[in-house]
Amino acid sequence: MKKKNLFTILLLLAVVTLYCQGKNSIAGNVKTSDGIPARQIKLVIDDFKIETQSDEKGYYQFDDITLKKELKISLYANGIVVHTETIKVISGHNVVNFTLPAK
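Those letters in the sequence shown? Residues -20 to -1, 1 to 83, by mature numbering (1 follows the signal peptide of the UniProt record, and there is no 0).
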């Protein structure tokens, strides 16, 4: 009986852990040093090689990311790294805004 209860508890913990991992996101805006929305900037989470791109308003979003304490995100313009930042991530929705350095 004890083994069955232990197995059930472990199974529930595994399901909860997997469910929580899939619900994490990072979103925000990318702007130039002048405060103008930066369009078509490629953002890459280096740890997972996941990428997205900012839209015409500078908005970007990563969905269903695996939770990790810190993630390194690199921003690319025309294939060149223009900014890299390590961010702290919490469970759930994370808002991270980036300002590109002046040239």
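Mixed in with the good hints there might be a few duds.
Unchecked claim - Listed next, the in silico BS3-like pairs over lysine-lysine satisfying Cα-Cα at most 30 Å (straight line):
hint, residue 1, residue 2
1, 11, 22
2, 22, 3
3, 22, -19
4, 11, -19
5, -19, 48
6, 83, 37
What the hints assert, rightly or not - For each label pair, taking beta carbons as the anchor points, the in silico distance ranges come out as:
hint, residue 1, residue 2, range
7, 64, 37, 17 to 25 Å
8, 3, 58, 15 to 23 Å
9, 60, 39, 15 to 23 Å
10, 47, 13, 28 to 36 Å
11, 77, 47, 19 to 27 Å
12, 59, 36, 27 to 35 Å
13, 27, 75, 33 to 41 Å
Don't read these hints as lab results, they were simulated from the structure. Heads up, the beta-carbon is just placed ideally off N, CA and C, and yes, glycines get one too.
We went through each hint and held it up to the structure:
1. 11 x 22: 13 Å, holds
2. 22 x 3: Cα-Cα ~22 Å, so holds.
3. 22 x -19: 52 Å, violated
4. 11 x -19: This hinted pair is violated, its Cα atoms lying about 57 Å apart.
5. -19 x 48: Violated, at about 33 Å.
6. 83 x 37: With a Cα-Cα distance of about 21 Å, the restraint between residue 83 and residue 37 holds, given a limit of 30 Å.
7. 64 x 37: 17 to 25 Å: 23 Å, holds
8. 3 x 58: 15 to 23 Å: Violated: the Cβ-Cβ distance is about 34 Å, outside 15 to 23 Å.
9. 60 x 39: 15 to 23 Å: 22 Å, holds
10. 47 x 13: 28 to 36 Å: Since the Cβ atoms of residue 47 and residue 13 sit about 31 Å apart, the hinted range of 28 to 36 Å holds.
11. 77 x 47: 19 to 27 Å: 20 Å, holds
12. 59 x 36: 27 to 35 Å: Distance hint for residue 59, residue 36 is violated at roughly 20 Å.
13. 27 x 75: 33 to 41 Å: Check failed, 19 Å falls outside 33 to 41 Å.
Violated hints for the displayed structure, listed by number in ascending order: 3, 4, 5, 8, 12 and 13.
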